[in-house]
Amino acid sequence: MARIVGGLATSHIPAIGGAIAKGLQKEPYWKPFFDGFDPAREWLARERPDAVVVFYNDHGLNFFLDKMPTFAVGAAPEYRNDDEGWGIPTLPPFKGIPELSWAVIDHLVAKDFDIVTCQEMLVDHAFTVPLKLFWPDDDAPPAVPVCINTVQFPLPSAKRCWAMGKAVGEAIAAWDEDMKVVTIGSGGLSHQLEGQRAGFINKPFDLEFLRSMVDDPEWATQFSILELVEKTGTQGVELLNWLAARAASPGRMRRVCQNYHIPISNTAAATLVLEAA
Amino acid sequence: MPEFHEIYGTTPFDGTVARRGYALNKMCFSFNSAQNRETFRKDEDAYMRAYGLNPQQAAAIRNRDVLGLLDAGGNVYYLAKFAGILGLDVQDLGAAQTGMTKEAFKARLVAQNDQPETL
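Sequences listed follow chains V and E, in order. Our numbering numbers the first residue of the first sequence as 1 and each following residue consecutively. Our numbering numbers the first residue of the second sequence as 1 and each following residue consecutively.
Honestly, I wouldn't trust all of these hints.
[Said to hold, decoys possible] Distance ranges between label pairs, derived from CB positions:
#1 E:Asn54 with V:Asp66: 12 to 20 Å
#2 V:Pro154 with E:Ala34: 27 to 35 Å
#3 V:Asp138 with E:Asp43: 37 to 45 Å
Worth flagging that the hints you see were computed from the coordinates, not collected in a lab. Glycine included, every Cβ here is placed at the ideal spot set by N, Cα and C.
Based on the provided sequences and hints, a complete structural model is requested.
Shown next as structure tokens:
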């Protein structure tokens, strides 16, 4: 049986992709963010997971408003990145693991999640940046992308994202392969790009959310989407991806490392690694 | 939405806005392609006509008016691709929307470190 050995999460600001491409990791602006990954990479080098499930949100690379799934699961042998229009470099394809994708898809539908399945799927920075951050030598294990709509309201509620992530965790645990799996929640924490409220950051909420992820992970599911927009900004709702990733192993977890840094670009950037307790 | 809640300077991108902004967002989505970006640069008005932008949307594009683009139904994720053509990043957009200089906007972000650590 497969087992989940860790729950990871990180911000995915596009500029991080640019900084990696230009080798700016040790520059004063970037260092406080990138240094947060050293303990995460040490932990990953020890654990050597065989597969990764990435909960993320597409920003208009694979999905447009003509067809906007609430939840979409990739089931492809590889996932291509492509031009996102704002000048961050296009990366080589990432390996998929269709067997695990279908185990997840079968279980989600059995549990009444009416997902979209994608045998071809472009992946944007929200998928690629976390993999590049956790595996800078391009040796990330094969991945299953799970895309959550955070673009067009109504968004799925925090409760629903939690339930979906929990079902993904059940699918992994029931998968008949002797493999170690990690989940990644991509995005956040508080930030808002648009409107007169652009630049909004909520440090006390973010820090409480980070605390909750360890031993009270359903804490943020008490809030409606509009309450989350108010507390974390229009893009801060990306914490839905963190909740889904955390829900895959809903019990207690141990914190391996955590980093929180204001600002990267317009964002309160955070990184968190939890391991099975 | 049953419990709608006004949030300062924030318009949730719901069905009403998404319908209003469809042509504008579709045009901006097309800017994922380098060739389309080039076609737009050569003749902005012809490109906007091809995508059926309404006068409000076309004016906001011509004026590089970020708040006007949002008003016209633009979604920031697609508008960011238009901003990319202009060589602007999200801090330029932030400054434009808040009426600050970019330096002041960035300084205000750094100042958020002074917020309390607990709720």
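For each hint, the structure was consulted:
no. : hint                              : result
1   : E:Asn54 with V:Asp66: 12 to 20 Å  : holds, 19 Å
2   : V:Pro154 with E:Ala34: 27 to 35 Å : holds, 34 Å
3   : V:Asp138 with E:Asp43: 37 to 45 Å : holds, 41 Å
Violated hints are absent here; each numbered hint is respected by the structure.
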